[in-house]
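Student: Construct the entire structure; sequences and hints are all you get.
One line per chain: the protein sequences are A and B, in this order. Each residue of the first sequence is one higher than the last, beginning at 0 in numbering that gives the first Met the number 0. Each residue of the second sequence is one higher than the last, beginning at 0 in numbering that gives the first Met the number 0.
In short, the hints are calculated from the structure, not lab data. Ideal Cβ positions, reconstructed from N, Cα and C, are used throughout, including at glycine. Check each hint, because a few of them may be wrong.
Restricting the straight-line Cα-Cα distance to at most 16 Å, the calculated cross-link-like pairs of lysine to aspartate or glutamate (EDC-like) are [said to hold, decoys possible]: (1) B:Lys337 x A:Asp85; (2) A:Lys44 x B:Asp462; (3) B:Lys197 x B:Glu186; (4) B:Lys197 x B:Glu256; (5) A:Lys44 x B:Asp379; (6) B:Lys337 x A:Glu84; (7) A:Lys44 x B:Glu383; (8) A:Lys9 x B:Asp417.
Have a look at the derived ranges for each label pair, beta carbon to beta carbon [as the list claims (entries may be wrong)]: (9) A:Ala41 x B:Thr179: 50 to 58 Å; (10) B:Ile491 x A:Glu84: 25 to 33 Å; (11) B:Trp388 x A:Lys83: 33 to 41 Å.
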Amino acid sequence: MADHHHGDEKPGWADAKVFRNGFLAVLVIASLGAAAAGFLPAFQKEHPHFEVEGLGAFFAIYGFAAFAFIVLAGQHLRKLVARKEDYYEERE
Amino acid sequence: MAGDNGLLSALAMNPAVILTVGAVLGAFVPNGFAAIRRPLMLVFVAMSAFQLQRLGLGEYGALSIFGEPVTMLRIDPLSRIFAVVFHIAAALNLIYAWRSRDRAQDFATLAYPAAALGGVLAGDLVTLFVWWELAAMTSAFFVLGPGTRATFLAAMRYLTIQILSGVLLLAGIVLVYRETGSLAFGEIGLRDGAGAIKMSGLVMLLAFGIKAAFPLLHNWVQDSYPKADFAGTIVLSVFTTKLAVASLARAFPGTGELVYIGAVMTIFPIFFALIENDLKKVLCYSINNQIGFMVIGIGFGTAASMNGAVGYAFTNIIFESLLFMAVGAAIYRTGTSKATELGGLYRTMPVTMVFCIIGAMSISAFPGFAGFVTKGLIIDAAGEAHAFWIWLVLLFASAGVLEHAGIKIPYFTFFAHDSARRPKEAPPAMLIAMGISAFLCIAIGVYPEPLYALMPYPEALADYHPYAPYHVVEQLQLLLWAVLAFAVLILIKWYPAEVPSANLDTDWFYRVPGRDLFIWAVAAVRAIWRLVWRLASTRFMRAMDRIYAVHGPEGAMARSWPTGFMALATAVVLGLALFIAFIS
Numbered sequence: 000m001a002d003h004h005h006g007d008e009k010p011g012w013a014d015a016k017v018f019r020n021g022f023l024a025v026l027v028i029a030s031l032g033a034a035a036a037g038f039l040p041a042f043q044k045e046h047p048h049f050e051v052e053g054l055g056a057f058f059a060i061y062g063f064a065a066f067a068f069i070v071l072a073g074q075h076l077r078k079l080v081a082r083k084e085d086y087y088e089e090r091e
Numbered sequence: 000m001a002g003d004n005g006l007l008s009a010l011a012m013n014p015a016v017i018l019t020v021g022a023v024l025g026a027f028v029p030n031g032f033a034a035i036r037r038p039l040m041l042v043f044v045a046m047s048a049f050q051l052q053r054l055g056l057g058e059y060g061a062l063s064i065f066g067e068p069v070t071m072l073r074i075d076p077l078s079r080i081f082a083v084v085f086h087i088a089a090a091l092n093l094i095y096a097w098r099s100r101d102r103a104q105d106f107a108t109l110a111y112p113a114a115a116l117g118g119v120l121a122g123d124l125v126t127l128f129v130w131w132e133l134a135a136m137t138s139a140f141f142v143l144g145p146g147t148r149a150t151f152l153a154a155m156r157y158l159t160i161q162i163l164s165g166v167l168l169l170a171g172i173v174l175v176y177r178e179t180g181s182l183a184f185g186e187i188g189l190r191d192g193a194g195a196i197k198m199s200g201l202v203m204l205l206a207f208g209i210k211a212a213f214p215l216l217h218n219w220v221q222d223s224y225p226k227a228d229f230a231g232t233i234v235l236s237v238f239t240t241k242l243a244v245a246s247l248a249r250a251f252p253g254t255g256e257l258v259y260i261g262a263v264m265t266i267f268p269i270f271f272a273l274i275e276n277d278l279k280k281v282l283c284y285s286i287n288n289q290i291g292f293m294v295i296g297i298g299f300g301t302a303a304s305m306n307g308a309v310g311y312a313f314t315n316i317i318f319e320s321l322l323f324m325a326v327g328a329a330i331y332r333t334g335t336s337k338a339t340e341l342g343g344l345y346r347t348m349p350v351t352m353v354f355c356i357i358g359a360m361s362i363s364a365f366p367g368f369a370g371f372v373t374k375g376l377i378i379d380a381a382g383e384a385h386a387f388w389i390w391l392v393l394l395f396a397s398a399g400v401l402e403h404a405g406i407k408i409p410y411f412t413f414f415a416h417d418s419a420r421r422p423k424e425a426p427p428a429m430l431i432a433m434g435i436s437a438f439l440c441i442a443i444g445v446y447p448e449p450l451y452a453l454m455p456y457p458e459a460l461a462d463y464h465p466y467a468p469y470h471v472v473e474q475l476q477l478l479l480w481a482v483l484a485f486a487v488l489i490l491i492k493w494y495p496a497e498v499p500s501a502n503l504d505t506d507w508f509y510r511v512p513g514r515d516l517f518i519w520a521v522a523a524v525r526a527i528w529r530l531v532w533r534l535a536s537t538r539f540m541r542a543m544d545r546i547y548a549v550h551g552p553e554g555a556m557a558r559s560w561p562t563g564f565m566a567l568a569t570a571v572v573l574g575l576a577l578f579i580a581f582i583s
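Tutor: As structure tokens, then:
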């Protein structure tokens with residue numbers, strides 16, 4: 000079972016600023032690279048099913064917007080359905 | 000039945016029966032020798048797999064029940080792909096909890112996959128029904144496992160819903176037989192030739208839909224699966240819903256309604272998963288969402304989309320199990336699956352963390368992983384069908400998968416805020432099971448051809464190239480920018496913190512108002528019964544009193560009569576008889 004750590008423990012590698020900044024930098028570069036590649040003919044579908052597929056960065060914009068919408072709108076679902084943790088235990 | 004020899008040989012050759020025998024034999028191993036139970040069962044998995052491979056494609060075990068031909072074992076490309084992945088999952092589940100010494104759970108770890116395997120290999124509806132019910136009963140061992148009042152109640156709810164599905168299946172079988180005069184398990188379809196909905200199709204779709212956890216019928220998954228222990232949940236996550244997917248693929252390919260049902264299934268669990276604090280439940284919502292992708296593929300019903308549906312079921316079983324295994328390892332070491340109580344485990348469970356990230360990247364369908372080479376087939380099918388809105392829904396749902404399964408599971412277990420827990424790394428058996436799953440996730444992602452060859456319509460894959468440059472770029476755009484959105488939301492602190500809560504879902508209807516209504520109905524029936532009994536018994540007692548008054552020891556009829564009175568009475572009766580004879 001869990002062994003709790005002591006106060007003089009060194010911070011883990013994932014908590015180091017170098018790692019966090021490095022991860023963010025790689026993510027931003029890769030994202031921009033993928034978006035840019037979408038505008039190159041070599042990375043475009045020859046016969047797209049839908050017009051939007053030919054817009055270059057459609058998938059990037061849609062992915063960003065969908066994720067943000069899910070998180071920002073979805074959290075309000077709590078107001079409707081969230082109850083105390085022992086909600087059912089009290090009733091059964 | 001046909002001759003006993005026919006039945007016996009039909010049973011003996013069935014891989015599902017081999018697994019069942021292994022489960023029963025394992026259950027008889029005395030507790031003093033419990034260490035040999037799982038190795039013994041693993042041998043039976045190997046024997047069953049060997050038998051599956053030895054038999055090859057074909058129909059076996061033809062018998063007749065009351066003059067009706069049945070095929071107990073049908074190995075065709077559709078059933079084979081499920082049978083193969085069920086063997087893989089059964090073996091991995093046995094390895095994962097290698098040190099388990101719980102007789103009932105050990106038995107169910109093999110008997111339940113056996114039942115699901117029997118179901119997918121069933122060539123007729125009666126055989127399907129038998130395995131369908133066995134799957135329900137054997138899986139209940141896991142929900143009952145922890146033995147608390149909460150798990151007992153959940154197991155009863157679970158069994159009620161599973162048996163309801165079985166009863167509907169039985170009714171559907173009767174309707175199908177009346178319609179077709181056959182018990183063969185083939186395409187049923189929802190509509191008849193004139194386009195009207197068939198009752199047989201509707202009942203069968205409902206029976207399968209309960210087990211596939213269609214929207215509004217879905218919540219038994221979140222209610223029961225997380226109640227099992229760390230290993231039981233993993234076994235549960237694989238079989239029942241995939242047996243339903245296999246049955247839907249068999250009976251309802253190209254049923255347009257499934258496209259819309261699947262679309263709803265991919266979307267709504269995303270939001271419930273977002274606000275859920277219990278990571279086991281998050282993964283249960285993920286099951287709903289993932290089955291949605293498969294149901295859409297079946298709904299389109301083209302060769303490519305059917306390949307996508309069953310191929311995705313194959314890979315999903317591996318990567319979803321891997322995620323359940325990683326969370327299970329965290330639970331095994333820390334005793335909790337709550338996001339609010341986990342976090343920071345990467346420090347002491349780095350190997351489990353790496354395996355979890357591989358599972359997360361697979362389910363998110365990053366190029367190079369198993370999800371990418373199969374999910375693309377379903378999304379492509381929406382494109383081929385020019386179903387623009389469904390295509391958008393699938394992309395939206397892909398971003399949702401990334402959110403709850405791709406990021407939330409590894410992030411809140413191994414990173415996020417430091418829970419200050421420093422548990423040991425997962426035990427070797429768990430690491431081996433996770434390692435094999437992770438290897439398969441990457442191997443299938445990098446080299447999907449063997450999986451493609453197993454699919455029901457391999458010829459439809461001739462022109463499909465998952466690593467076409469445009470496909471890779473499209474997917475990377477979608478996923479990387481979604482991860483970017485996550486990073487931005489974390490940086491600006493807009494990503495909602497986890498909150499311990501019980502989130503109401505459709506089970507609320509039967510667990511609170513439904514339960515109250517049931518308790519009220521019981522009280523009402525009892526009150527009515529008491530009233531009826533009181534009324535009846537009062538009248539009865541009064542009648543008895545009257546009879547007693549007349550016939551009792553003190554009653555008029557019990558008096559001793561003088562002889563003269565009797566002579567007089569006889570004369571009166573005779574006189575009356577004479578009078579009646581005279582006037583008639």
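Student: Give a verdict on every hint.
Tutor: To see whether the hints hold, each was checked on the structure:
no. : hint                           : verdict
1   : B:Lys337 x A:Asp85             : 14 Å, holds
2   : A:Lys44 x B:Asp462             : 14 Å, holds
3   : B:Lys197 x B:Glu186            : 13 Å, holds
4   : B:Lys197 x B:Glu256            : 13 Å, holds
5   : A:Lys44 x B:Asp379             : 12 Å, holds
6   : B:Lys337 x A:Glu84             : 11 Å, holds
7   : A:Lys44 x B:Glu383             : 13 Å, holds
8   : A:Lys9 x B:Asp417              : 13 Å, holds
9   : A:Ala41 x B:Thr179: 50 to 58 Å : 53 Å, holds
10  : B:Ile491 x A:Glu84: 25 to 33 Å : 29 Å, holds
11  : B:Trp388 x A:Lys83: 33 to 41 Å : 38 Å, holds
Comparing the model with each numbered hint stated earlier shows that all of them hold.
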